[in-house]
Amino acid sequence: MSKVRDFLVEIGTEELPPKALRSLMDAFAESLVAAIDDARLEHGPAHRYASPRRLAVMIEALAGEQPSRRVTQKGPPVSVALDASGKLTAAGSAFAKKCGVLPADLTRTISDKGEWLSCEIIERGQTTAELLPGLVEAALAALPIPRRMRWGDGDAAFVRPVHWVVMLHGATVIKAEILGIKTGNKTRGHRFMAGAPLRIAQPADYLTELETSGHVLADFEQRRELVKQGVEAAAKAVRGTVVDGESLYDEVASLVEWPVPITGSFDASYLKLPREVVVSTLTGHQRYFPVADKQGALLPHFITIANIESSDPQQVRRGNERVVHPRLADAAFFWDSDRRISLAARHDSLREVVYQHGLGSLADKSARIAALAKWIAMELGVAPNNVLRAAMLSKCDLISGLVGEFPDLQGTMGRYYAQHDGEPDAVADAIGEHYLPRFAGDALPAATDGQILALADRLDTLAGIFSVDKKPSGNRDPFGLRRAALGVVRILVECRLDLDLAAMIRVAAEAQPVGKIGAADVQAELLTYVSERLRRYFLDRDTGLAAETFDAVLVREPSSLVDFELRLLAVQAFIGLDSASSLAAANKRIANILKQAGEPGAATVNEKLLREDAELALWDALKAARDSQPPLLERREYTAALNELAKLRGVVDAFFDGVMVMADDKGVRSNRLALLTELRELFLNVADISRLAVA
Amino acid sequence: MFLQFFLALVYGNMHQIGAPGQMRAPFWCDVVRGAPFVDAHDILRGLDHRDRCMSKKKTRPTLSFQDLILTLQQYWAERGCVIMQPYDMAMGAGTFHPATFLRAIGPEPWSAAYVQPSRRPTDGRYGDNPFRLQHYYQYQVAIKPSPDNLQDLYLDSLRVIGIDTAVHDVRFVEDNWESPSLGAWGLGWEVWLNGMEITQFTYFQQVGGLECRPVTGEITYGLERLAMYLQDVTSIYDIVWTDGPLGRITYGDVYHQNEVEQSRYNFSEADVDDLFHTFDHAEQEGIRLIELELALPAYEQMLVASHTFNLLDARQAISVSERQRFILRVRTLARAVAEAYYASRESRGFPMIASVGGKSAQDVQS
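Chains as they are written, first to last, in the numbering used here: chain A, 1 to 695; chain B, 1 to 366.
Please note that a few of the clues may not be correct.
To be verified - Chain B stretches covered by chain A per the calculated footprint, using a threshold of three residues with CB under 8 Å from any CB of chain A:
| # | region |
| --- | --- |
| 1 | 85 to 97 |
| 2 | 165 to 171 |
| 3 | 194 to 203 |
| 4 | 211 to 220 |
What the hints assert, rightly or not - If you only want the chain A side, here are some residues facing chain B, beta carbon under 10 Å, derived:
| # | residue |
| --- | --- |
| 5 | L16 |
| 6 | R147 |
| 7 | F192 |
| 8 | T304 |
| 9 | S310 |
| 10 | Q315 |
| 11 | V316 |
| 12 | R317 |
| 13 | R322 |
| 14 | P326 |
Unchecked claim - A few chain B residues that don't get close to chain A, going by computed Cβ distances all over 10 Å:
| # | residue |
| --- | --- |
| 15 | E174 |
| 16 | L246 |
| 17 | G252 |
| 18 | L294 |
No lab work stands behind these hints, which were simulated from the structure alone.
By construction, the Cβ of each residue, glycine as well, lies at the ideal position given by its N, Cα and C atoms.
Isolated chain A (complex conformation):
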């Protein structure tokens, strides 16, 4: 009988990919715990660990076996199991023997298909030791590994070659072969700071043993915190603060098992380079942390995290400085040589660079962006000169040396070069901002010219890629179209650009070279695609927003997203009103009546045919509302418009209480249908209230 004991599994590997380490750690722990739960093994809290050479999970107080359970064992049919006299046949006896019971303990199960012998037995749970190897293997097989690799001449496949597997339940090794490796109780410490393999006596010792004897901090969060503190302290020591540390701590913590901060320096003359260039040089390939003074100006230092307590740390520092120095020298070289050719002079060379097969060169793309940007500027009543110039120059920095080097600096360098060339500030800024927003939560272009350019660039990309039939499918989105569409939505809504989205998409689609997909289809597909992003955008932004509310507005297909948002806000306010549920129900009822009537109502309401008081009252209220609505709608005062309509609740309720719509008299019936159509259309002016899910 096994006892409840802690459990540890550690997969020891060659160096794992740093950007994937955290997700591998999480996925391993989560799928293992899920598998253990599925196997009905009781357990305490689970802890997840990961370092470059290991993934591990420690589960406290894991049961030694599954609980027993009562199951019904099905035996042979009665016709086979019993003879004519009702005695057990050989087959019947065999079943009793198999179940380990006396013949008298057998029962019968009857179903519509016949009668069988059966037996209630207590099924002993399997032991944890029997179950775990399969559970661990299943969890490993479920890891999100884009490409598994093999090594040597084995068949095992994993993220990187596997060298050891620790699997302990209490002090006992759970014997198994995982990924071609026999399990044991020995782990390995740091590559260079630990000696022979380390024995783990019991799971609870794992972290401590690795830290004290192995020079490995296996706890990812602890290591990350240490990296962060180390970098911050090192920055403080040179009277600075860390620049943009949060973007690197995870990755750096995934590159070391024993973090040791090292501060390096470079020649202060490189600080004359644009700040972004220095930061990219340090953070890019090398993952160094830049340091800035209190005013935010960069200091000629960087901090790196070594993976060793070197016996001569100065050599590590000097080595890293040797790497950074020529990189900065090269950046400086490009910065100087790039500025010798103006952006405008580079434009011709864009013809030589293919943008995308079927979509022409980068010069073609800039021309399309310019045309669309001009169209947008005219719609907004903005003078198009600056945005046109910015559009033509917007892609020229892509063929500069520095952007070739640091692709992330596209736009940023364009702005610097435009300023250097003496372009107007508005042009330089638009170039600099047109890639915004680059990621979720990123800033938006501040100036209208930049917003226009950003829209035009994204819409052209979307329409272009859709037209060559490369729109995203599943999780594959190599052209970043989801991000582009979301960017369009954010700019339109958050910068309050009152533009006709469908018309913009049409202009963008019609500007594409003749591709696989015609402009009309591109337009339709793209509008749907952007609407999907719009839905996500609003639902993510406002957790209180119900999908039905969004759909109620979407039905109206508001062409401007500014208008869309106003309607959305009005409908949300409407939902808060007392009369909302009653009116939503009434609208739903009207929609159903009109759909099921099987006949069109009269074109207009004929007052003479109104007989009942309730319908007369409704008609009077409708007439009043009909007059009050247009100016409100004109001014997009949708909340006020719905407030007005909310006042109809009383007459609408009374109408349905007292009036039979589908009257026998065809004229009366038709007139009542017309009345309801009027009512419905009044509401539909803002949104389809019938779709709301109001309690």
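Using the hints, position chain B against chain A.
Same frame as chain A, but now just chain B:
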């Protein structure tokens, strides 16, 4: 970076053809498979004089360039590798030597180590740049099946050439290569020495569309880069090649004139018409030879086509739109050769399985 890397690996000096701006790609993008480097101006010299003196005292006598090579040769010879000589044709990287590219194909065990002179015409700088060369050296190790202790074997080789792993920060940092159209990919790392990339380390998974079974482990050392680090010099041309009874000879003494003249040839003098003709001819010959089941001669034609393409590239004779087509032509050839080679070994019954024995991926004795 990804694209660039696989091209570098598979096409050697064709590594520039991927993204725009590759002409300007700096030395560290192709650190090992490309040219080595060190500080341009060595501003640190003044700052760190004291450190240097201190560290000098501790280190053992520095290896000359040829000692470095001899030490690696000796080391890998003792581990059982076939010590090959450089392939006698122009190529962009040690991976192109048939001892790696072709031997990675199929089930037969294999292990080789060798120096491979590597040419990347567009990297030429007329001998003016202290860390870029159009002709440089790689030290290449390829072992199939990859032994379980390949990383340890590699780390021991660093110790043998004088890198104390208790002093220096040595790390394996993810870096993979892939060529979808060639059906070639592998996973592995670039090895960092105090943040500097000194080696590429790759487990081949597929070559020429053929699954690598067993897997070949490939180690590619950037020799000039290592030598500059070990000798603490700031220009490739200052690397001491040898310092013996016949005098002290530097890398510059041996290769500077070559860099000047070859740069001029690559960029200005190579006969473009003749190169186009050579490319076409190599392609046709390659196809013809494959039909004759002459995989190895066909492979050489692929090497010719590849290097010729790079010369045309240096001469800026190929437009952006044409370039993709040229790349595709070389790829098609490389793929066909890979299949032909597999078939040729298969028809011989994969003889090395029997001759070397079924030695599996156990530790190679270190």
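Each hint, compared with the structure:
no.	hint	in the structure
1	85 to 97	violated (count 0)
2	165 to 171	holds (count 7)
3	194 to 203	holds (count 4)
4	211 to 220	holds (count 5)
5	L16	holds, 8 Å
6	R147	holds, 7 Å
7	F192	holds, 5 Å
8	T304	holds, 6 Å
9	S310	holds, 5 Å
10	Q315	holds, 6 Å
11	V316	holds, 5 Å
12	R317	holds, 8 Å
13	R322	holds, 6 Å
14	P326	holds, 5 Å
15	E174	violated, 4 Å
16	L246	holds, 31 Å
17	G252	holds, 18 Å
18	L294	holds, 29 Å
Checked against the numbered hints given earlier, this structure breaks hints 1 and 15; the rest are met.
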